[in-house]
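A.B. asks: Build out the structure end to end from the sequences listed, making use of the hints.
For the record, the sequence lines run as chains A and B.
1 is the number of the first residue of the first sequence in my numbering; add one for each residue after it.
659 is the number of the first residue of the second sequence in my numbering; add one for each residue after it.
These are computed hints drawn from the structure, not numbers from a lab.
Careful, some of the hints might be misleading.
Using 30 Å as the maximum straight-line C-alpha spacing, the simulated BS3-like pairs for lysine-lysine come out as follows [said to hold, decoys possible]: (1) B:766 x A:524; (2) B:674 x B:839; (3) B:841 x B:764; (4) B:686 x A:483; (5) A:403 x B:686; (6) A:567 x A:315; (7) A:483 x B:841; (8) A:141 x A:567; (9) A:142 x A:76; (10) A:333 x B:686; (11) A:483 x B:721; (12) B:817 x B:844.
This one's a predicted model, so the numbers in the text were calculated from it and none came from an experiment.
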Amino acid sequence: MARIGVFVCWCGSNIAETVEVSKVAEVSKSIPGVVYSVDYKYMCSDPGQELVKNAIKEYKLTGVVVASCSPRMHEKTFRKAALEAGLNPYMLEMANIREQCSWVHNNMDEGTQKSIDLVRMMVEKVKRNKPLDDISIPVTKKAMVIGGGVTGIQAALDIASGGIPVVLVEKESSIGGKMSALDETFPTLDCSQCILTPKMVEVAQHPLVQIISYAEIEKLEGFVGNFKATIRKKARYVDVDACTGCGTCWQKCPVKVDSEFEQGLGKRKAIFIPFPQAIPSRPRIDAENCLKLTKDRCGICEKVCPTKAIHYDDKDEFMEVEVGAIVVATGYKIMPVSAFPEYGGGQYPDVVTSLQFERMVCASGPTLGDLKRPSDGKLPETVVFVKCVGSRDPEHYHSYCSKICCMYVAKQTMLYRHKVHHGNCYVFYIDVRSNGKNYEEFVRRAQEQEGAQYIRGRVSSIYKDGDDMVVEGADTLTNSQIKVKCDLVVLATAMEAPDGIKQLAQKLGIGYDQHGFLTEAHPKLRPVETATAGIFLAGCALSPRDIPDSVSEGSAAAAKVLGLLSKDTLDKEGVVAIVNELTCVGCQNCIRVCPYNAIELKDICNRQGELQRQVAHVNPGLCTGCGTCTPSCPSRSIELQGFRDTELYAEINALAEL
Amino acid sequence: MLIKIGREVNLLAFSKKLEKETGTDVRKCYQCGKCTAGCPMNFEMDVSPSQVIRFCQLGMEEKVLNSRTIWYCIFCDTCSTRCPQGVDIKGVMDGLRRMAVARNIKPKSNVRFLEKAFQSIIYLFGRVYEPGMVGMYNLRSGNFLHDVGYFPLMLRKRKISLKPHFKRTREVRQVMKRAQKMKLRKAKELEEAK
Chain A
1 MARIGVFVCW
11 CGSNIAETVE
21 VSKVAEVSKS
31 IPGVVYSVDY
41 KYMCSDPGQE
51 LVKNAIKEYK
61 LTGVVVASCS
71 PRMHEKTFRK
81 AALEAGLNPY
91 MLEMANIREQ
101 CSWVHNNMDE
111 GTQKSIDLVR
121 MMVEKVKRNK
131 PLDDISIPVT
141 KKAMVIGGGV
151 TGIQAALDIA
161 SGGIPVVLVE
171 KESSIGGKMS
181 ALDETFPTLD
191 CSQCILTPKM
201 VEVAQHPLVQ
211 IISYAEIEKL
221 EGFVGNFKAT
231 IRKKARYVDV
241 DACTGCGTCW
251 QKCPVKVDSE
261 FEQGLGKRKA
271 IFIPFPQAIP
281 SRPRIDAENC
291 LKLTKDRCGI
301 CEKVCPTKAI
311 HYDDKDEFME
321 VEVGAIVVAT
331 GYKIMPVSAF
341 PEYGGGQYPD
351 VVTSLQFERM
361 VCASGPTLGD
371 LKRPSDGKLP
381 ETVVFVKCVG
391 SRDPEHYHSY
401 CSKICCMYVA
411 KQTMLYRHKV
421 HHGNCYVFYI
431 DVRSNGKNYE
441 EFVRRAQEQE
451 GAQYIRGRVS
461 SIYKDGDDMV
471 VEGADTLTNS
481 QIKVKCDLVV
491 LATAMEAPDG
501 IKQLAQKLGI
511 GYDQHGFLTE
521 AHPKLRPVET
531 ATAGIFLAGC
541 ALSPRDIPDS
551 VSEGSAAAAK
561 VLGLLSKDTL
571 DKEGVVAIVN
581 ELTCVGCQNC
591 IRVCPYNAIE
601 LKDICNRQGE
611 LQRQVAHVNP
621 GLCTGCGTCT
631 PSCPSRSIEL
641 QGFRDTELYA
651 EINALAEL
Chain B
659 MLIKIGREVN
669 LLAFSKKLEK
679 ETGTDVRKCY
689 QCGKCTAGCP
699 MNFEMDVSPS
709 QVIRFCQLGM
719 EEKVLNSRTI
729 WYCIFCDTCS
739 TRCPQGVDIK
749 GVMDGLRRMA
759 VARNIKPKSN
769 VRFLEKAFQS
779 IIYLFGRVYE
789 PGMVGMYNLR
799 SGNFLHDVGY
809 FPLMLRKRKI
819 SLKPHFKRTR
829 EVRQVMKRAQ
839 KMKLRKAKEL
849 EEAK
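C.D. replies: Here it is as structure tokens:
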């Protein structure tokens, strides 16, 4: 005989304002099976939970209905309390009389009546509930980090120093990401490579970190704690193990093409490492430009290689790794100048992106730090920086703020003035957003001490007049048009989600927004988690951010991974589908509709071991309890535990009895 | 200039009125100044295009309706095309002109005479006939010899011709008549609505 207790919460005035809670408790007593009911101001508070626990013991309750907020809020709280009082936690149900009742109604009588109905439904369900057990699943104590920029490096280092082996997968032939291309960093003017390369070396030397460069994720299977990733190692044409990185091949290679690392301002060979500190310092052959691979000529690198590490017949290889958790740190790309025809982008070589400007002033750049403008190599004596190019422009490009431009433009004005003491630099801005430690002071320093002229207004167009570039803008503070003749224009173009990020997100089964940035589980309270358990996010894959934020997020994601992988097994809710093998005919409908590949065919054999028939079988580790399979079953042989047909029909019937 | 804001002032009222008139919400503007930056007529204006929008946001109806700017806008559409927030600045200018006309505010330029002359010429010939249009404009504005000095030079360079060209005059007249009718109908509807 069922003995149900009903606990009605006021939630302060949240519920009590629209629902007569005492009446709900009173009427509940008359529902068959209910032996105890009570209302209380805050059921989720400690005394409230004590109330539930004591009642379970005192009245020997077999089921509990808590009428309060959404189960998303406090189901865990109350189920834990029930467990402590010795009741199976799945014998406790929540009737949602706040989000689905008091918050959306304003009539006291109707609200009360609806609350009573909701309670009655849950009482009927809980009477038919069956005790369930949590499922424990084993955990692979290994992690994978996708993206070898500064965020990914930090995450890999932190996970590895926690004693968990890490696979670091990088798309390019070297780790280091965008940060390795920067000159100096704000707001301290640290040399970027000087602070990054020690970290790169550390991650490369760490015994628990395995770096797989020039590789991409091909496929991901499995679930939290038990992922199986297939990694495509793209054809490099160089045997990484045999190669010593001596450099003879790229010195002798006759092909010169624009270097991606130098943002098209410098040249590289067809066999190359992107920059001298590359890790791993093993070259790769660019198959599109190599003479041997395109026209079957040359072949010099193979001849000169002392260790015979060059293989022109190299193919893409696939490797499988089993990991328990994944950190996605895929970073960003910046918009090219060619996206802005009104600013002369792509038409004039003297209109460059800020990343190109970084390479122009960088001591390791193509000009070795000699500032020359791209068109004629002249020293630019007047430079105009334009901010918010492509950002904050929902009509044409992106609605979001790229966040870092305000700071790096201030930094670049300083770098410029340090190179060209007599030079003029102008900055067109709409707002200066410098919210960070020592950021505002840094921008003020650029204006007050380093001589950057800030002009408030967007730029309308940029064109060439003889040898000069002309920037047509406005100064909204004096309300006048401004034309600046200058030698070089630097566009602070928007940060964008990198190419192929949507495909990757689909492979991993995580969400992304309209801009292509990956979405977190909760923007405030779960900022580095995804909706898919076991996959974490960090850095610019989420949205534009600066180096300090990216690094802290790398560490945050690592902490989450370590927390997850610290246990030997993971506990999972018992709400999973189960197959009645007596009635299942093996039609495989459920297998086709299951979004998690959690159902497989199972052989039923007789005592002699002869195959009798095949039935569906649910892998409880993979099943998320989504319930897609249950309506697809023609013989009603598959049921979701905790939401079985009898339980749901009881709920509906309780409502229909009125 | 003092801008008074208080409990009795509803800043949004004018923006809403303007939105009804022009279909553009000026509250979207975040004052980046890109419209002013590219405006080819800014040199003739007393307040810049971005300022006009700002005044509209502040509900300063008298200020904008009495400005020269709304009459000197040539509807080249540079501002609206480039606006990052999708504010149709030239549409706002046009709407403000209509409001000014409705309230019998005297335009701060002779541009109305030019418009009248332009309309009459189009009605007569179906396309622009420059000598006629300039002549009519000069008659209306009272400045009879305005720009007449350029006449021989332009004639020699074949920029204008003395002989008017007629082009599908009937159809153009029909279009204009229909527009006139629509305008009257709309005015009547507004009258009835009041």
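A.B. asks: Hint by hint, note whether the structure agrees.
C.D. replies: Hint check results:
no.	hint	in the structure
1	B:766 x A:524	54 Å, violated
2	B:674 x B:839	27 Å, holds
3	B:841 x B:764	21 Å, holds
4	B:686 x A:483	27 Å, holds
5	A:403 x B:686	21 Å, holds
6	A:567 x A:315	39 Å, violated
7	A:483 x B:841	42 Å, violated
8	A:141 x A:567	9 Å, holds
9	A:142 x A:76	29 Å, holds
10	A:333 x B:686	29 Å, holds
11	A:483 x B:721	28 Å, holds
12	B:817 x B:844	40 Å, violated
In summary, the numbered hints that this structure violates are 1, 6, 7 and 12.
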